[in-house]
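Undergrad: Each chain is listed here by its residues.
There are 2 protein chains.
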Amino acid sequence: MQRLKERIMADGIVKGNDILKVDNFLNHQLDVDFLNEIGKEFWEHFKDKEITRILTIEASGIAVAAITAQYFHVPVVFAKKLDSKNLDDEVYVSQVHSFTRDRSYEIKVAQKYLSSSDRILIIDDFLAQGNAVMGLKDIIEQAGATLVGAGIVVEKGFQPGGAKLRQAGVDLYSLVIIKEMKDGRIVFA
Amino acid sequence: MQRLKERIMADGIVKGNDILKVDNFLNHQLDVDFLNEIGKEFWEHFKDKEITRILTIEASGIAVAAITAQYFHVPVVFAKKLDSKNLDDEVYVSQVHSFTRDRSYEIKVAQKYLSSSDRILIIDDFLAQGNAVMGLKDIIEQAGATLVGAGIVVEKGFQPGGAKLRQAGVDLYSLVIIKEMKDGRIVFA
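These protein sequence lines are chains D and W, in that order. Residues in the first sequence are numbered from 327 upward in steps of one, following our numbering. Residues in the second sequence are numbered from 327 upward in steps of one, following our numbering.
Calculated directly from the structure, the hints in this document are not laboratory data. Any given hint could be a false lead.
Copies of the same chain look alike in the list, so a pair counts if it fits in one copy or across any two.
[Unchecked claim] Here are the simulated BS3-like cross-link-like pairs (lysine-lysine), alpha carbons at most 25 Å apart as the crow flies:
1. K434 - K407
2. K331 - K438
3. K366 - K407
4. K366 - K347
5. K508 - K366
6. K407 - K347
7. K508 - K434
8. K331 - K407
9. K505 - K373
10. K341 - K366
11. K434 - K341
12. K438 - K505
13. K490 - K438
14. K373 - K407
Let's have the full structure, built from the sequences with the hints guiding it.
TA: Spelled out as structure tokens, the structure:
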């Protein structure tokens with residue numbers, strides 16, 4: 327997606343060789359008009375796949391998933407990371423290890439919001455190690471639902487997540503793939 | 327907002343005398359078409375206020391803030407709750423106590439995403455004790471920006487947050503106010 331490459335070149339901040347900050351439109355501040363362009367792009371790719379539900383993970387996946395869902399007219403479900411008094415007892419649970427935060431955590435989805443007849447599109451902002459998407463895939467399998475594909479805004483191609491998911495048979499659509507980050511410079515695949 | 331009352335009556339689940347779960351359209355599963363009706367309602371109320379930015383708090387405020395921002399064509403900034411390697415060093419910080427989770431936590435906003443010329447609308451899903459909104463108000467004051475008002479989807483009128491904010495001079499617009507919850511029954515104000 328050319329417009330996204332340009333936006334990342336203009337606004338992305340590279341820290342070291344692996345951290346890309348796109349806080350000013352995707353991860354902290356949200357440019358909702360631009361998120362609509364992203365949502366439309368996911369719609370163009372997956373529109374014929376009879377998606378019934380979009381699944382993401384809190385917190386930074388929520389905005390792009392909600393905006394994208396407007397094109398599909400389907401509900402979003404976001405997996406929760408924290409224990410909450412308010413969550414149902416009957417939940418699907420999976421373990422995710424976050425390298426960014428250097429810890430493992432549980433993700434949870436109430437069972438009643440996924441059914442075996444669902445055809446599910448995963449949406450997330452970043453793909454690096456692929457652990458969050460693998461956790462969501464695990465939950466979809468627990469529900470007996472169909473994982474139709476995964477739409478990712480930024481894939482870090484130099485980390486193993488993309489290869490892992492493609493090997494697992496996931497229809498992975500990344501809007502941009504970063505091949506390398508070095509000395510503040512971004513090289514797209 | 328009559329449609330919201332009906333939706334809460336149809337889909338809300340009351341636990342005890344103080345917990346209302348609206349997980350099937352607002353807090354876990356997101357009905358984005360209905361969130362658009364909510365966003366339009368906030369737009370109708372605040373459209374003449376020259377809003378330049380919407381401020382919310384992760385995670386469950388993000389979806390309603392992002393959908394609402396489409397009507398105002400302004401960016402959303404969401405305050406972060408967790409420490410992250412990726413957040414800027416220069417942040418505004420405030421303390422919030424959550425009764426739901428029974429603990430205090432810090433909320434943070436990168437300084438560069440709020441300026442003293444900003445006219446800010448706070449958007450959040452629930453108002454109970456009012457501590458999250460007071461924390462956001464504190465951050466807006468640290469930035470020297472103007473708090474124009476707060477749009478809340480569900481105010482628990484039997485808890486002190488609404489009175490606290492109105493006394494503090496906040497233009498508070500709650501789409502519904504719940505007067506009482508008892509034995510699974512909801513009474514609107």
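Undergrad: Taking the hints in turn, state whether each one holds.
TA: Cross-check of the supplied hints:
no. : hint        : verdict
1   : K434 - K407 : both (7 Å within a copy, 19 Å between copies)
2   : K331 - K438 : between (38 Å within a copy, 23 Å between copies)
3   : K366 - K407 : neither (28 Å within a copy, 30 Å between copies)
4   : K366 - K347 : within (23 Å within a copy, 31 Å between copies)
5   : K508 - K366 : neither (31 Å within a copy, 44 Å between copies)
6   : K407 - K347 : both (22 Å within a copy, 17 Å between copies)
7   : K508 - K434 : neither (36 Å within a copy, 29 Å between copies)
8   : K331 - K407 : neither (30 Å within a copy, 29 Å between copies)
9   : K505 - K373 : neither (28 Å within a copy, 43 Å between copies)
10  : K341 - K366 : neither (30 Å within a copy, 39 Å between copies)
11  : K434 - K341 : between (31 Å within a copy, 20 Å between copies)
12  : K438 - K505 : neither (39 Å within a copy, 29 Å between copies)
13  : K490 - K438 : neither (29 Å within a copy, 36 Å between copies)
14  : K373 - K407 : neither (29 Å within a copy, 35 Å between copies)
Checked against the numbered hints given earlier, the structure breaks hints 3, 5, 7, 8, 9, 10, 12, 13 and 14 and satisfies all the rest.
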